[in-house]
Each structure stands twice: as structure tokens, then as C-alpha cells.
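> Below, each chain spelled out in residue letters.
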Amino acid sequence: MSLRGRDIISIKDVTREEMLAIFGEATSLEPYARSKIDVLKGKVMALLFFEPSTRTRLSFETAMKRLGGDVIGFEEPSITSMAKGESLMDTVKVVENYADVIVVRHPFEGAAKAIADAVQIPVINAGSGALSHPTQALTDLYTIWREKGRIDGLTVLFLGDLKYSRAVRSLIQGLLNFKVSFVFVSPELLRLREEVREELREQGTSFVEATSLSQELIREADVIYVTRIQRERFVDPMEYEKVKGSYKLTMEHLRYARNDLMVLHPLPRIDELDREIDKTPYAKYFKQVFYGLLVRMALLKMILT
Amino acid sequence: MSLRGRDIISIKDVTREEMLAIFGEATSLEPYARSKIDVLKGKVMALLFFEPSTRTRLSFETAMKRLGGDVIGFEEPSITSMAKGESLMDTVKVVENYADVIVVRHPFEGAAKAIADAVQIPVINAGSGALSHPTQALTDLYTIWREKGRIDGLTVLFLGDLKYSRAVRSLIQGLLNFKVSFVFVSPELLRLREEVREELREQGTSFVEATSLSQELIREADVIYVTRIQRERFVDPMEYEKVKGSYKLTMEHLRYARNDLMVLHPLPRIDELDREIDKTPYAKYFKQVFYGLLVRMALLKMILT
Amino acid sequence: MSLRGRDIISIKDVTREEMLAIFGEATSLEPYARSKIDVLKGKVMALLFFEPSTRTRLSFETAMKRLGGDVIGFEEPSITSMAKGESLMDTVKVVENYADVIVVRHPFEGAAKAIADAVQIPVINAGSGALSHPTQALTDLYTIWREKGRIDGLTVLFLGDLKYSRAVRSLIQGLLNFKVSFVFVSPELLRLREEVREELREQGTSFVEATSLSQELIREADVIYVTRIQRERFVDPMEYEKVKGSYKLTMEHLRYARNDLMVLHPLPRIDELDREIDKTPYAKYFKQVFYGLLVRMALLKMILT
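Chains as they are written, first to last, in the numbering used here: chain A, 1 to 305; chain F, 1 to 305; chain U, 1 to 305.
Be aware that one or more of the hints could be misleading.
[What the hints assert, rightly or not] Derived pair list, reagent style DSS-like, types lysine-lysine, alpha-carbon separation capped at 27 Å:
hint : chain 1 : residue 1 : chain 2 : residue 2
1    : A       : Lys-93    : A       : Lys-41
2    : A       : Lys-93    : F       : Lys-36
3    : A       : Lys-244   : A       : Lys-279
4    : A       : Lys-36    : U       : Lys-244
5    : U       : Lys-113   : F       : Lys-93
6    : F       : Lys-248   : F       : Lys-284
7    : F       : Lys-41    : U       : Lys-248
8    : A       : Lys-179   : A       : Lys-284
9    : F       : Lys-93    : U       : Lys-148
10   : U       : Lys-12    : A       : Lys-279
11   : F       : Lys-113   : U       : Lys-113
12   : A       : Lys-41    : U       : Lys-41
13   : A       : Lys-93    : F       : Lys-284
14   : F       : Lys-148   : F       : Lys-113
15   : F       : Lys-93    : U       : Lys-36
16   : F       : Lys-148   : F       : Lys-242
17   : U       : Lys-287   : F       : Lys-41
18   : U       : Lys-284   : U       : Lys-248
19   : U       : Lys-287   : U       : Lys-12
20   : A       : Lys-148   : U       : Lys-248
21   : A       : Lys-93    : F       : Lys-93
22   : F       : Lys-242   : F       : Lys-287
23   : U       : Lys-12    : F       : Lys-93
24   : U       : Lys-12    : U       : Lys-248
25   : A       : Lys-163   : A       : Lys-113
26   : A       : Lys-287   : A       : Lys-244
27   : F       : Lys-148   : A       : Lys-93
28   : A       : Lys-36    : U       : Lys-148
29   : A       : Lys-41    : U       : Lys-36
30   : U       : Lys-113   : A       : Lys-284
31   : F       : Lys-93    : F       : Lys-12
32   : F       : Lys-179   : F       : Lys-287
Think of the hints as simulated: they come from the structure by calculation, not from any bench.
These figures come from a predicted structure and were not determined experimentally.
Construct all of the structure, not just a fragment, from the sequences and the given hints.
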């Protein structure tokens with residue numbers, strides 16, 4: 001299957017069949033993740049990062065280089081000609097003369113879509129606004145699929161900030177292509193947005209919500225997806241201090257876990273994951289980083305060839 | 001024709017014959033602007049950008065990579081060892097040990113020339129001070145030549161800031177190699193500098209100056225070259241508010257234009273070009289960006305081989 | 001000899017035999033320092049520069065590219081996800097999924113070692129804290145070896161800041177693998193640290209210390225290694241003004257020099273080297289830059305193949 005010329009703006013743009021094709025391609029590219037294949041020789045990827053994200057940038061950059069392609073671009077708006085008042089749309093219309101694909105990260109929702117509409121080359125959204133981060137979602141889905149051999153039938157527990165995390169939102173939308181049981185554990189203030197709950201209901205997907213991580217919930221989880229709780233979400237700092245400890249995953253919690261539980265995290269993390277967990281077989285968050293490289297290699301190859 | 005080992009500091013360094021050779025090379029490299037040719041494999045270009053210019057940097061970087069070469073360098077002085085007091089000349093004498101060509105952008109007039117004198121590898125000026133921007137001039141000239149099939153005999157109208165724009169100054173100097181009729185339209189305060197008018201007179205070139213864009217001037221123009229008027233040029237902000245609207249090119253103006261008028265702009269722009277113009281066949285400023293890539297590919301190839 | 005998979009954290013990690021092997025490899029790679037060899041094709045080097053150092057960064061980057069490898073990374077902490085609170089160790093554990101070798105520069109002593117312990121790919125220290133800069137030391141040693149044909153038996157005079165310069169400290173440790181006479185000339189305040197003198201004594205190495213550069217000391221020197229004195233080391237600015245002139249090497253000094261004296265400097269410099277010296281055959285500091293490129297090419301090749 002090819003995705004030739006396709007924009008990847010939202011995880012909703014990708015069907016279940018396409019996801020499985022991407023997973024297959026990602027797996028077949030694994031031998032080249034530590035060497036090089038010249039499949040994208042002569043292709044240039046432009047990284048336009050209007051907000052910093054070293055991890056995501058390095059993942060895309062490595063993916064393109066391992067495939068034999070070249071990379072141009074920038075991170076941070078301050079060094080672009082934005083400073084002179086050039087509009088975003090002019091910038092991307094300049095860049096489409098140089099590159100074969102644009103990978104964009106932008107603080108505003110809708111920026112990636114607007115860029116895709118303005119240019120004739122394919123655009124990949126590398127995180128925009130509070131909602132979309134499709135390549136993170138594909139990474140998370142691939143990690144589950146690769147490690148569990150399937151996604152259907154699993155119970156996925158989300159822990160932490162379910163309101164503002166674009167990784168959570170994108171992953172939920174991706175999981176809706178599969179038959180999954182959802183469990184959401186968060187402080188009241190950071191509960192899943194009503195529109196996402198509505199989406200789940202519309203699809204006839206049942207889900208459980210809780211404000212604390214009980215033994216029982218842990219016991220039933222195949223996957224625990226942990227996210228960071230950001231202090232700045234709270235108007236009252238005392239409120240933050242009160243809740244933050246309750247959404248930290250500890251070794252104590254894992255005493256109740258299934259043997260094959262996997263713990264994921266989109267990174268970066270602060271202290272919501274006991275560092276002791278890193279050494280356990282539950283921890284898959286660094287492997288997730290490697291799988292993210294494979295997924296981005298697969299996407300670039302399928303979009304550009 | 002080769003320009004092997006040549007410095008390109010000012011557009012005046014380039015003869016008419018060399019310009020035509022560069023245009024020919026640029027045209028013949030077009031098939032590789034969307035793929036790759038290994039003609040500069042083993043060559044390293046150092047981009048030393050002592051002031052930010054994303055557009056120009058990405059153009060050079062893409063040009064080098066499409067030709068199979070490698071790129072090193074920096075943008076912005078703050079991240080260089082300048083911060084430790086290292087002099088500019090020491091920096092470039094270090095860099096000539098790494099690179100085969102230096103592309104420099106610097107806020108000071110004369111910096112590119114001084115660097116070229118200090119090092120033994122060729123130096124290309126990517127914009128220095130208020131006067132020189134030779135690769136922009138070559139881009140503009142090539143765009144006219146490519147789209148019109150000739151430069152001789154055309155009427156070129158410049159609109160906007162004719163005093164401080166280095167793109168305008170460099171293009172005028174480049175056009176002096178051809179038989180061109182010049183028209184200059186600007187606020188009194190941003191008129192062409194006396195020394196440039198002197199240069200034009202010395203060459204026996206007649207030119208027209210005006211402070212507003214009349215129907216008649218538009219009617220006679222083959223090319224309208226628009227530039228930005230920067231607020232900071234005016235001591236009195238009221239003065240700026242008064243003039244800025246008068247130097248904006250609008251759809252209304254284009255009612256009087258020839259069918260084959262071309263509108264150019266060195267970009268970035270603010271609001272001196274009605275965005276509606278983008279959709280008309282007059283607008284060549286994004287094509288100009290693509291031609292700039294071809295010109296830079298041609299220059300790098302001719303200087304390094 | 002291969003150094004396959006080895007970390008290079010301190011110059012002390014490298015034996016005399018290994019140094020000589022690196023020097024041999026560096027010399028044999030010289031033909032490729034101005035072209036390219038595909039010996040590291042398929043390898044990715046991650047440059048993690050948590051403090052800016054353009055010169056060292058460009059040297060490593062050029063070395064990797066001349067060997068056919070690819071480069072990813074960042075300079076300056078502000079653009080990393082550090083800003084979000086991600087720990088250094090998480091960052092490097094992410095990056096080891098992308099790269100085959102990490103080159104790190106960090107303001108804290110011990111950072112390079114801690115990173116090497118955390119990841120499974122080799123780590124090269126490109127300058128950390130006040131003590132270690134092993135690739136600079138190898139560069140300096142190679143420059144002496146290459147230009148003099150030997151290191152044993154030479155008299156090496158260090159001039160300037162001997163207390164805080166990590167280049168000085170690393171070079172002294174490297175020279176301890178050879179039979180060298182040491183001379184140290186510095187202001188009282190910037191004398192060699194007691195622990196380094198102790199190290200010299202333990203090795204039975206005799207050395208001379210002085211606070212001014214006499215004719216006699218110059219006469220006996222085979223190598224003068226000059227370093228910058230930084231104003232910020234002095235609590236009392238008057239103190240700085242008093243001493244700075246005394247540690248500047250001038251043409252006057254060189255009247256007493258041997259014909260084959262070589263003057264080295266790790267760069268960047270401020271004004272501790274009379275610029276007139278640049279034109280004399282004593283000046284080897286720009287050649288030192290080129291030799292630094294060869295040494296880094298040799299290291300990367302020996303560690304990665």
C-alpha cells in the first residue's frame with residue numbers, strides 16, 4: 001500500500017487498513033534503523049518547527065537520513081523571517097520550492113491543516129495545538145501492536161492529564177479503529193473533555209472513568225498510558241500539589257499488574273513514573289521511542305514513493 | 001564556463017557573459033531541483049549567517065544538497081564562539097579548514113569582502129550590510145530572463161523602499177549589464193540614493209522617478225519589482241502611516257497592466273502586495289523563489305567544479 | 001587498531017599506544033579531509049551540545065560528513081525539551097535509539113561520564129566542566145607529533161590561565177604518556193592546581209613554574225601553548241588589568257625563540273597572541289584546527305568500525 005502524496009494531519013485521516021499497512025512497513029524497515037537504505041535518495045524533507053521539540057525533530061530527521069534523504073529546516077520561530085513580518089503561508093509557499101515533504105510543528109490548532117491546503121507537497125503534522133499529534137498516536141499504536149501482537153480486545157488505561165494532552169487525545173482516536181476497553185484515571189480538573197466522551201459514546205464504546213488508580217483497575221489493564229500533569233494547568237498551585245502525587249505510577253502499583261502489562265509514556269516525563277519502573281519488563285517507553293523512529297520511516301517512505 | 005574558485009561578493013563582480021552562462025547552467029540543472037545529482041559529492045559548504053535569514057539559508061542548503069554536497073554552519077551570532085570574544089576573522093580561518101566554500105550573511109557592509117580576503121576558499125555573499133545581495137540579484141535577473149526570454153529592451157519599474165533595500169540596489173547594478181529602461185517609484189524619503197543615480201547617469205542610462213504609481217507608468221512596465229517599506233526607516237511614525245498605503249500594489253493597479261507584466265518581490269513581504277495578486281498570472285514571486293534555487297545550484301556547481 | 005564501541009571521556013582513557021594508532025589513522029585520512037570516503041555510511045552521530053561551541057561542533061560535524069556519515073543533534077539547552085523538565089538521562093536514552101555515537105558537550109563535570117554509563121552506544125566527550133576535553137588534547141598532541149615527528153624529549157611551555165583551562169589540563173595529562181619537560185608560566189592566581197602538580201610529581205616528572213615569560217624560558221621551549229585569561233576569573237577587575245598584558249605573547253618574545261618553536265592555542269583567543277605572529281612560521285594554531293579535524297575523523301572511524 002502506498003500513501004503517495006498524502007497529508008497526515010490528524011490520526012482520523014488514517015484508516016485501520018492503512019494503520020496495519022504502516023505497521024507492516026515499519027517492521028520491514030527495522031533492519032535499516034541502524035544502517036541506511038537509499039530509498040529516499042533525492043528527496044528533501046523540510047522540518048518547520050514553530051515551537052521547539054527536540055525529540056520529535058530528531059526522530060523525523062533520523063528517519064529521513066536512514067532512508068537516504070536530506071533534511072532542511074528550522075526549530076523555533078525566533079530564527080525565521082517571521083521576525084520580519086512574513087506570514088506563515090508565505091513561508092511555506094517558499095519552502096515548497098525546496099522540499100518534497102513538509103513536517104510541521106506549530107502551537108496553533110489548525111496550522112498543519114492550513115499549511116497542507118496552501119502547498120502542493122505532502123504535509124505531516126508533528127504536533128499542533130492541543131489536539132493533534134498523529135505520528136505520536138501511530139507510534140503508540142504500533143508499540144502496542146508490535147509488543148502484544150494485536151490491539152483488538154485489550155484494556156487500555158490512561159493516567160494523568162487527559163484534558164490537555166494531545167498525545168492522549170490522538171491515541172484515543174486511533175484506538176477507536178480497534179475494539180478496545182478504555183479506562184480513564186485523572187483528577188477531576190483534567191478529565192477527558194466532554195467532546196471526546198461524546199465521540200466514544202457515539203461509537204458505542206464503553207469506558208470507565210475514575211479519579212484514583214485502584215488495585216482492580218491495574219489488575220485489568222493490558223496497557224497503562226501515563227502522561228505528565230503540568231503545574232501550569234492549575235490556577236491554584238495548592239490544587240496542583242494536592243493531586244500530583246496521586247497520579248504517579250509506582251512500584252507498589254505494579255504489584256497488582258498482570259505479567260504482560262506494558263507501561264507507555266509519550267515523554268518527556270517529570271516525576272509521574274517512579275524511575276524504578278525503568279528497570280522492570282513493564283517499561284516500554286524507551287522502546288516506544290525506537291518504534292516511533294520505525295513508524296516515521298514507514299510514513300516517509302509510503303508518502304514519498 | 002567555469003567560475004572555479006571565484007568569490008561572489010558583489011553583483012558587479014559578474015560580467016554579462018558570466019550571467020548568461022549562469023542562467024544557462026541554472027536552466028540545465030532544473031531536472032535536479034526535485035531530485036539529486038552527485039556533482040558536488042565530497043564538497044562541504046559552510047553557511048555562516050551572522051544575522052538570521054531562513055529563506056536564503058534554506059535556498060543555499062537545498063541547492064548544495066540537491067547537488068550531492070554537505071552543509072555545515074550556523075545562523076545567528078548568539079550560538080557562535082563570538083560570545084567568547086573570538087574575532088570574525090579567526091572564525092572564518094577556522095572554518096576554511098572544514099569547508100570548500102563559505103556562504104556568508106552579515107549585518108555589516110564589507111564583511112563578505114573582508115572574509116574573502118582572509119581565506120583561501122571561495123566566498124559567496126548571501127547579503128551583507130545595506131548594499132550587496134548578489135545572489136538575490138542573479139535570482140531576479142534569471143527570473144526575468146527565463147520568463148521573458150530576454151532582458152534587453154524591457155522597462156523595469158521599482159516600487160517602494162529604493163534607498164535601503166539591498167535587493168533593489170544589487171538588481172539595478174545587475175541590470176546595468178543590459179539595455180533596460182528604469183522607472184523608480186518611492187516616497188521622497190526613500191528615493192534612490194544619489195550615488196546610484198550618479199551611477200546610472202555615468203552609464204548613460206535614462207530613468208524616470210516618481211512619487212506615485214500612475215496608470216501610465218504601470219502601462220509601460222514589463223516588470224514591477226515591489227519591496228517592503230519598513231516602519232523603522234521613519235523618524236516620525238505619522239510620516240510612515242501617511243505613505244505606506246501609496247506604495248501597495250493592488251488589483252486596481254493591474255487593470256492597466258500589460259498582459260505579460262510580471263510582478264516580482266524579493267520576499268518577505270508585509271502588506272505591500274495585495275494578496276489577491278497571488279492568484280493572477282502576473283505574480284511571479286514564488287516562481288522567483290524556485291529560480292533562486294536553480295541560480296544557487298548553478299553558482300555552487302560553477303565555483304566548485 | 002580499533003577502538004570499536006569505546007567511550008572517550010577523559011584523555012586518561014587513552015593509552016600511549018592508542019594515541020599513536022590514532023595519529024597514524026589521522027594521517028592516513030588526510031586525503032579525505034577535502035573530499036569524502038564512505039567508510040561511515042549508515043552511521044549517525046548525535047551532537048548533544050548543552051553549551052554552545054561552534055568550533056568544536058563544526059569540527060565533529062565535518063569529520064562525520066567527510067566519512068560519509070550523517071549528523072543529528074542540537075546546540076544550546078534552550079531548544080531542547082529540557083525546557084519541559086525532561087532529565088538529561090531521559091534525553092540521552094531517547095537519543096540512543098536514533099544514533100550510533102553520541103558526542104556531548106556539557107557545562108557540568110561528570111556529565112559525559114554519566115551519559116556514557118546510561119547508554120549502550122559509545123560516547124565522546126567534546127568538553128565537559130572545567131577538567132576534560134580529550135579530543136582537544138588529542139588534537140594538540142597530534143599537532144606536536146605531526147609537526148615535530150615526535151613528542152618525547154620536547155620542552156612544552158604553557159602560558160596563561162593554567163587553573164581553569166580544560167584544554168591545558170587535558171593536554172598535560174596526555175603529555176604524561178611521553179617524556180616531556182614542562183614549563184608553566186601564569187599569574188599567581190591562575191597557577192596550576194595543586195592536584196595537577198601532585199599528579200606530575202607522582203609520575204616523577206619535573207617541572208618549572210614562573211610568573212613571567214623570561215628570555216631563557218622562551219629559548220628552551222619547543223612548544224609554547226598559549227591560553228586565554230578570562231576577566232571573569234578575577235574578583236578584582238584591577239587585578240585583571242594588571243596581569244593581562246604580561247601573558248600576551250609578542251613578536252618581541254619570539255626574537256629569543258628557537259627556529260623550530262611552535263606556538264599553539266586551543267582558540268578562541270582574545271588578545272593574548274600578537275596578531276603579527278599569525279604570519280610567522282611559529283604560528284601553528286590554524287594548522288592545529290585542521291589536525292583537529294583529522295583526529296576527530298580518526299576517532300570516529302576507529303570507534304564505529
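> Would you mind marking each hint as holding or not holding in the structure?
Results of checking the hints against the structure:
no.: 1; hint: A:Lys-93 to A:Lys-41; result: holds (23 Å)
no.: 2; hint: A:Lys-93 to F:Lys-36; result: holds (21 Å)
no.: 3; hint: A:Lys-244 to A:Lys-279; result: holds (23 Å)
no.: 4; hint: A:Lys-36 to U:Lys-244; result: violated (52 Å)
no.: 5; hint: U:Lys-113 to F:Lys-93; result: violated (32 Å)
no.: 6; hint: F:Lys-248 to F:Lys-284; result: holds (17 Å)
no.: 7; hint: F:Lys-41 to U:Lys-248; result: violated (43 Å)
no.: 8; hint: A:Lys-179 to A:Lys-284; result: holds (22 Å)
no.: 9; hint: F:Lys-93 to U:Lys-148; result: holds (23 Å)
no.: 10; hint: U:Lys-12 to A:Lys-279; result: violated (31 Å)
no.: 11; hint: F:Lys-113 to U:Lys-113; result: violated (44 Å)
no.: 12; hint: A:Lys-41 to U:Lys-41; result: holds (13 Å)
no.: 13; hint: A:Lys-93 to F:Lys-284; result: holds (12 Å)
no.: 14; hint: F:Lys-148 to F:Lys-113; result: violated (33 Å)
no.: 15; hint: F:Lys-93 to U:Lys-36; result: holds (21 Å)
no.: 16; hint: F:Lys-148 to F:Lys-242; result: violated (36 Å)
no.: 17; hint: U:Lys-287 to F:Lys-41; result: holds (25 Å)
no.: 18; hint: U:Lys-284 to U:Lys-248; result: holds (17 Å)
no.: 19; hint: U:Lys-287 to U:Lys-12; result: holds (25 Å)
no.: 20; hint: A:Lys-148 to U:Lys-248; result: violated (67 Å)
no.: 21; hint: A:Lys-93 to F:Lys-93; result: violated (36 Å)
no.: 22; hint: F:Lys-242 to F:Lys-287; result: violated (32 Å)
no.: 23; hint: U:Lys-12 to F:Lys-93; result: violated (31 Å)
no.: 24; hint: U:Lys-12 to U:Lys-248; result: violated (30 Å)
no.: 25; hint: A:Lys-163 to A:Lys-113; result: holds (22 Å)
no.: 26; hint: A:Lys-287 to A:Lys-244; result: holds (26 Å)
no.: 27; hint: F:Lys-148 to A:Lys-93; result: holds (23 Å)
no.: 28; hint: A:Lys-36 to U:Lys-148; result: violated (41 Å)
no.: 29; hint: A:Lys-41 to U:Lys-36; result: holds (17 Å)
no.: 30; hint: U:Lys-113 to A:Lys-284; result: holds (25 Å)
no.: 31; hint: F:Lys-93 to F:Lys-12; result: holds (26 Å)
no.: 32; hint: F:Lys-179 to F:Lys-287; result: holds (24 Å)
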